[in-house]
Amino acid sequence: MHGLSIRRVLLPILAVALLGTAVAQQRTPVRNDNIYKAQEEGWFWYEREPEAPKEEKKEPPKKAPPMPSIIKLEAPKDQKPPEIEPLSVKWFQQEYLSVINTAIDDPSEDNVRNYRYATRVMLDKASNFTRQFQKQSLLDPLLDESVRSPFSSGMRGSFQGWTFESKRKATRAMNKKAGLWVFLDDQCPFCAMQYPIVARMAKELDFEVFYITPDGNRPSWLMGNAPVLKDAGQSKTLRIGIRPAVALVVPPAKITVLTQGLLSQDLLEERLLVAGDAAGLITGQERKNAFPEERGILTPDDIKSLGSEMAKDKGALTPGAQKRIEQRY
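The opening position of the sequence shown corresponds to residue 1 in the numbering used here, with each subsequent residue numbered one higher.
Bear in mind the hints are in silico, worked out from the structure with no lab data behind them. Treat the hints loosely; a few may be bogus.
Claimed, not checked - Derived CB-CB ranges, DEER-like:
| no. | residue 1 | residue 2 | range |
| --- | --- | --- | --- |
| 1 | Arg156 | Arg120 | 35 to 43 Å |
| 2 | Arg156 | Val112 | 40 to 48 Å |
| 3 | Arg295 | Pro86 | 21 to 29 Å |
| 4 | Arg156 | Tyr329 | 13 to 21 Å |
| 5 | Ala253 | Gln327 | 54 to 62 Å |
| 6 | Ile303 | Ile255 | 27 to 35 Å |
| 7 | Ile297 | Gly161 | 38 to 46 Å |
| 8 | Gln160 | Pro252 | 52 to 60 Å |
| 9 | Val121 | Pro81 | 39 to 47 Å |
| 10 | Gly261 | Leu87 | 56 to 64 Å |
Beta carbons are placed, not taken as given, at the ideal position from N, Cα and C, and that holds for glycine.
Let the hints inform the model, and build the full structure from the sequences given.
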């Protein structure tokens, strides 16, 4: 009885269990492949949610530079142009042409007379200036150009004679410090013409002369016992391409080419004097006598210093110029 009672209890339970199994088999859900695929990632997988996109910082729009304000400038209403003094230089510059044009366009008696009298006034103004200009030149020795070189025919001849002798004296004094190189060639017809001129000048001024030829041989027309040297590159160094040529030599290394080609004695002496002055061979009173046309001439430094004084005092022109001109005599 006891076993029967247990069976009665177990059978209904078993039946319910079997029934539940059958129902479970009939209701098996459709396989989710995604889940099984996800198992490959591990039983503790989970799907990450996509991160929210970062918001880009937007720069505030740049403000356009403000447009410059336009300021209207208005001419002062009460301001009047300065009045021009009638018959002044500025008046003639602006009005004289109009007076002429009016007389030409309409040659009436009044217009032509007006033009003629305007011209007369202008010429009288110029004459007044000229007379005062000449007066200043006659009464102020510093403004008298005849002090440096006389204009009168009677004195001009004497002055030129004195100047010539002063120049020759200064040139002759150079012979102690300098000599001459003369480039000649026996095959050069002009060399034969220049040679006697150079020889005469050298004798009068007592200059030592060295004649230089391409081969060192004495030309057939060369007279006397003057030394003849072979060109050892001197002509190339001095860039002498034409013979005859004359050069002033100041030892140890100062050489100045005076001429390439024919030149008269007076011009040759003039260049010799200028070259010697540039080489510093003429100084003091001897130089002043040799160049009398330079007396009283303001130097660039004089003019510069005078300008500096005038920048501080506008009235410094006349006294400053007088003082500097006196120092140049």
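Status of each hint after checking the structure:
The supplied range of 35 to 43 Å is met by Arg156 and Arg120, whose beta-carbon atoms lie about 37 Å from each other. As the Cβ distance of Arg156 to Val112 is approximately 47 Å, the hint placing it in 40 to 48 Å holds. For the pair Arg295 and Pro86, the beta carbons lie near 44 Å from each other, so the given range of 21 to 29 Å is not met. Taking 13 to 21 Å as the suggested C-beta distance range, the pair Arg156 and Tyr329 conforms, at roughly 20 Å.
Checked against the given bound of 54 to 62 Å, the beta carbons of Ala253 and Gln327, roughly 34 Å apart, lie outside it. With their beta carbons about 33 Å apart, Ile303 and Ile255 fall inside the hinted range of 27 to 35 Å. Our hint of 38 to 46 Å for Ile297 and Gly161 is violated, since their Cβ atoms are close to 23 Å apart. Against the hinted window of 52 to 60 Å, the Cβ-Cβ separation of Gln160 and Pro252 comes to about 37 Å, which falls outside the hint.
Separation of Val121 from Pro81 is about 23 Å and departs from the stated range, judged on CB atoms against 39 to 47 Å. The beta-carbon spacing between Gly261 and Leu87, approximately 59 Å, falls within the hinted interval of 56 to 64 Å.
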